[in-house]
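Engineer: Sequence lines, in order, name chains A and B. Heads up: the first sequence runs through residues 4 to 473, numbered per the working numbering. Heads up: the second sequence runs through residues 4 to 473, numbered per the working numbering.
Take these hints with a grain of salt, some might be off.
Restraint ranges, calculated between C-beta atoms of paired labels, are given here [said to hold, decoys possible]:
#1 A/A277 with B/A292: 44 to 54 Å
#2 A/S28 with B/R227: 29 to 39 Å
#3 A/G317 with B/R64: 49 to 59 Å
It is worth saying that the hints were derived from the structure and are not from the lab. Just so you know, these numbers come straight off a predicted model, no measurement behind them. For each residue, glycine too, the CB sits at the ideal point set by N, CA and C.
2 protein chains.
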Amino acid sequence: MRAHPAGPRHADVITSAGVSSAPPSAQAINALDPMVWPLNAVRGADGELGIGGVDCRAAVREHGSPLFILDEQDVRTRARRFHAAYAQAGASRVYYAAKAFISTAVARWVTQEHLGIDVASGGELAVALRAGVPGERILMHGNNKSMAEIEAAIHAGVSRIVLDSFDDIVRVADAAGRAGVVQPVLVRVTVGVEAHTHEFIATAHEDQKFGLSAASGAADEAVRRIVKLPSLDLVGLHSHIGSQIFDAAGFQVAAARVVELARRLFAEQSVQVAELNLGGGMGIAYTDADDPLDVAEMAGRIGEIVRKECAGAGIPMPALAFEPGRAIIGPAGVTVYEVGTVKPVVLDHGQVRTYVSVDGGMSDNIRTALYDATYTVVLASRVSDAEPILVRVVGKHCESGDVVVRDAWLPGDVVPGDLIAVAATGAYCRAMASNYNLLPRPAVVAVRDGVTSVVLRAETLDDLLALDPG
Amino acid sequence: MRAHPAGPRHADVITSAGVSSAPPSAQAINALDPMVWPLNAVRGADGELGIGGVDCRAAVREHGSPLFILDEQDVRTRARRFHAAYAQAGASRVYYAAKAFISTAVARWVTQEHLGIDVASGGELAVALRAGVPGERILMHGNNKSMAEIEAAIHAGVSRIVLDSFDDIVRVADAAGRAGVVQPVLVRVTVGVEAHTHEFIATAHEDQKFGLSAASGAADEAVRRIVKLPSLDLVGLHSHIGSQIFDAAGFQVAAARVVELARRLFAEQSVQVAELNLGGGMGIAYTDADDPLDVAEMAGRIGEIVRKECAGAGIPMPALAFEPGRAIIGPAGVTVYEVGTVKPVVLDHGQVRTYVSVDGGMSDNIRTALYDATYTVVLASRVSDAEPILVRVVGKHCESGDVVVRDAWLPGDVVPGDLIAVAATGAYCRAMASNYNLLPRPAVVAVRDGVTSVVLRAETLDDLLALDPG
Numbered sequence: 004m005r006a007h008p009a010g011p012r013h014a015d016v017i018t019s020a021g022v023s024s025a026p027p028s029a030q031a032i033n034a035l036d037p038m039v040w041p042l043n044a045v046r047g048a049d050g051e052l053g054i055g056g057v058d059c060r061a062a063v064r065e066h067g068s069p070l071f072i073l074d075e076q077d078v079r080t081r082a083r084r085f086h087a088a089y090a091q092a093g094a095s096r097v098y099y100a101a102k103a104f105i106s107t108a109v110a111r112w113v114t115q116e117h118l119g120i121d122v123a124s125g126g127e128l129a130v131a132l133r134a135g136v137p138g139e140r141i142l143m144h145g146n147n148k149s150m151a152e153i154e155a156a157i158h159a160g161v162s163r164i165v166l167d168s169f170d171d172i173v174r175v176a177d178a179a180g181r182a183g184v185v186q187p188v189l190v191r192v193t194v195g196v197e198a199h200t201h202e203f204i205a206t207a208h209e210d211q212k213f214g215l216s217a218a219s220g221a222a223d224e225a226v227r228r229i230v231k232l233p234s235l236d237l238v239g240l241h242s243h244i245g246s247q248i249f250d251a252a253g254f255q256v257a258a259a260r261v262v263e264l265a266r267r268l269f270a271e272q273s274v275q276v277a278e279l280n281l282g283g284g285m286g287i288a289y290t291d292a293d294d295p296l297d298v299a300e301m302a303g304r305i306g307e308i309v310r311k312e313c314a315g316a317g318i319p320m321p322a323l324a325f326e327p328g329r330a331i332i333g334p335a336g337v338t339v340y341e342v343g344t345v346k347p348v349v350l351d352h353g354q355v356r357t358y359v360s361v362d363g364g365m366s367d368n369i370r371t372a373l374y375d376a377t378y379t380v381v382l383a384s385r386v387s388d389a390e391p392i393l394v395r396v397v398g399k400h401c402e403s404g405d406v407v408v409r410d411a412w413l414p415g416d417v418v419p420g421d422l423i424a425v426a427a428t429g430a431y432c433r434a435m436a437s438n439y440n441l442l443p444r445p446a447v448v449a450v451r452d453g454v455t456s457v458v459l460r461a462e463t464l465d466d467l468l469a470l471d472p473g
Numbered sequence: 004m005r006a007h008p009a010g011p012r013h014a015d016v017i018t019s020a021g022v023s024s025a026p027p028s029a030q031a032i033n034a035l036d037p038m039v040w041p042l043n044a045v046r047g048a049d050g051e052l053g054i055g056g057v058d059c060r061a062a063v064r065e066h067g068s069p070l071f072i073l074d075e076q077d078v079r080t081r082a083r084r085f086h087a088a089y090a091q092a093g094a095s096r097v098y099y100a101a102k103a104f105i106s107t108a109v110a111r112w113v114t115q116e117h118l119g120i121d122v123a124s125g126g127e128l129a130v131a132l133r134a135g136v137p138g139e140r141i142l143m144h145g146n147n148k149s150m151a152e153i154e155a156a157i158h159a160g161v162s163r164i165v166l167d168s169f170d171d172i173v174r175v176a177d178a179a180g181r182a183g184v185v186q187p188v189l190v191r192v193t194v195g196v197e198a199h200t201h202e203f204i205a206t207a208h209e210d211q212k213f214g215l216s217a218a219s220g221a222a223d224e225a226v227r228r229i230v231k232l233p234s235l236d237l238v239g240l241h242s243h244i245g246s247q248i249f250d251a252a253g254f255q256v257a258a259a260r261v262v263e264l265a266r267r268l269f270a271e272q273s274v275q276v277a278e279l280n281l282g283g284g285m286g287i288a289y290t291d292a293d294d295p296l297d298v299a300e301m302a303g304r305i306g307e308i309v310r311k312e313c314a315g316a317g318i319p320m321p322a323l324a325f326e327p328g329r330a331i332i333g334p335a336g337v338t339v340y341e342v343g344t345v346k347p348v349v350l351d352h353g354q355v356r357t358y359v360s361v362d363g364g365m366s367d368n369i370r371t372a373l374y375d376a377t378y379t380v381v382l383a384s385r386v387s388d389a390e391p392i393l394v395r396v397v398g399k400h401c402e403s404g405d406v407v408v409r410d411a412w413l414p415g416d417v418v419p420g421d422l423i424a425v426a427a428t429g430a431y432c433r434a435m436a437s438n439y440n441l442l443p444r445p446a447v448v449a450v451r452d453g454v455t456s457v458v459l460r461a462e463t464l465d466d467l468l469a470l471d472p473g
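Could you build the full structure based on these sequences and the hints that come with them?
Structural biologist: Given below as structure tokens:
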């Protein structure tokens, strides 16, 4: 339990959250760490942040502030890299996670780069279809798909529906039967492993809403029911062990357990698992403290783990599938804000924390408040050799928990009117954005070779008022 | 730091979060605790939940599920009660918190019931004005008001602007000067007190983005600057110590400190504080474990505290103002969901937790994931005498932290198709709602004397797609 319903408010130890006690150099805080910033992020002639050949100041002048900027080439490069590395490791498909961020433009980019798309709602499906993504590239997830969503997915000919519960089995079978099709499906299996960053926890059971337990026999029972239903074609199993995962260790236990289930299904039910979707949740670097494993190395290790487990269990190696989650779009996106106020606050121990207020906040990035997420921020409209000061970047919402970056260093001459940029906001920021305090949501633009295009236009006050009969 | 970026996932101790170890009776879990449910919530002839004379099943048939239902008479009654109680205690104005939830209908109700409205953005101001709220009833807050927002507020003739920083002073003075008006203002003062529920913490300084410190001299300096600016009229001070406050203890220290500042301002600058806005954050009951002080009693105690402090300091008692926050709209709102899947999960210690998935989730109520908020839930489409089972009500989002009610008891025969209702969702639910997973946001309807009216219509997929150029 967190005690304060309006979010944390007290002083953290000032050196917490990855902030070193010795201030970094003025030069260091102007630098753009390539692990954190998009592929095509550079300092321009005036010291301004440029992405994909576009000056962030010009982009903000044209599309407003705050502004989400997506480096299109970065998205495409990561998509290609994941596709190639996981194909090499035995994957028949790598899926882009619509929930991280979806729009028709992004759906087209990742489809052109050979990825599939995993969708978890009728809305995400609709965007993929509107972008022209063929059904055979789409996988549908969800612990509580509505009948309308299932029907839409089947009508679109999605290549996989992941069955999450006994209720789900009945509904998908029914909808497929009525549509006169045989729907390929996977069973979502929980294996009692939760992985995150460099750690994982393995338990016998899993206390979560997703999936059917391998340990309790629920997954076996699901398979027993599915194979009796002529409108369903059981292709394989799905397992997902966490998010923001930096190494392959957690996949070891998970693979062992899911392969043991596959062995049992073959031995007891003569069911062959042709495809094993191991989910994903591959991590990205939000700050220089994050060190996710190289894509190809992660792919290779996981592939090897599964191969060994299958050999040990005496079953054929299934085709693999993966869902790297935020890893495609997350690092490609940046949020640019305009600084509105700069306020030094003396703390109880005498140190000063400077609150830098921007024109957005928890409405466009809830992750800091929701997950205690950490981010990297730089002065974006210029560079400065002023002494670094410890800042907290906060939003303009009427709530003290409205924090964008909890601890960061910015040049001491940061002033209202400056633009600052927060890195790695491509995933789960615009996707989870709200209109809290009736702030319209910012535009998302793509930049590439000096050209800016609108991915999602900025909301207007009229958009917000349109729901109110007046 | 919370370790899991996708929210808590492990089993809590099953008796945590207010759930008693002994299951409640079947009768108890059908009951509607009047402390938690809207004033006009009753069980109807079929056992269904009715609010304001409207059957929740009929409302959902007409307006879809999930659905926010507001008991209009409840909102009006609480508004009247706060107005009367705080007027009695010396308040010249009680402000409704737009950030909790605002629409033109709600703005009209609370204005008719003699409240003012506090707004924190141009959007909130626009809705109030669209509803016909006169400027003299409006107060504007904000740690980072844009010049456009300040100009709009001054143009609307808002009766108070709360100045939050030195930057803010300059901007408001400039805008008022250009508009040729003298703008009444308050100074937001931080006094180093943070109150929440039955506890408060007092420190010398305050580590937050809001306000100007009384201890550091920043507040004194702000007053020194303001009184020199002919376009500003310093009416008084503003202090806000927290949210979800259940008793008056925290106001004691805060009042002492802010009254000491008022005394000093008079002694040193001959500035008289005519108005003292003590903010609010009055708490509400989310579950039967919550026991907020009666409105009149809280008002009386705070009034008495300030009177004593002023007498002690030898300064005249200022007019008071309050911002009770969620306390007007919070308890008047209910969310109705349809159950989609019911899944018993065996936990490691052998107990069973039943996951009840609904057709909304963290997109329409982020408070459970964001603040570990607790809620009360009942079966709404019927009553049942089935044995209670321990449930976790979860949403349909593709994220394991997507929890609506962490621990609750529901009848053991709860099935897909049942409606369930979550109480006290009037504040900070629809206001903070997102389109995560591209779920359209639910409608908000008002019910009164058997009549349902649309407060905010449900979003459609077309609304969402309208931002995407395609």
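Engineer: A separate judgement is required for each hint: does it hold in the structure or not?
Structural biologist: Tested hints:
The hinted range of 44 to 54 Å is satisfied by A/A277 and B/A292, whose Cβ atoms lie roughly 51 Å apart. At about 37 Å, the CB distance of A/S28 to B/R227 agrees with the hint of 29 to 39 Å. Judged by the Cβ atoms, the range 49 to 59 Å given for A/G317 and B/R64 holds: they are separated by roughly 55 Å.
When held up to the earlier numbered hints, the structure conflicts with none and fits them all.
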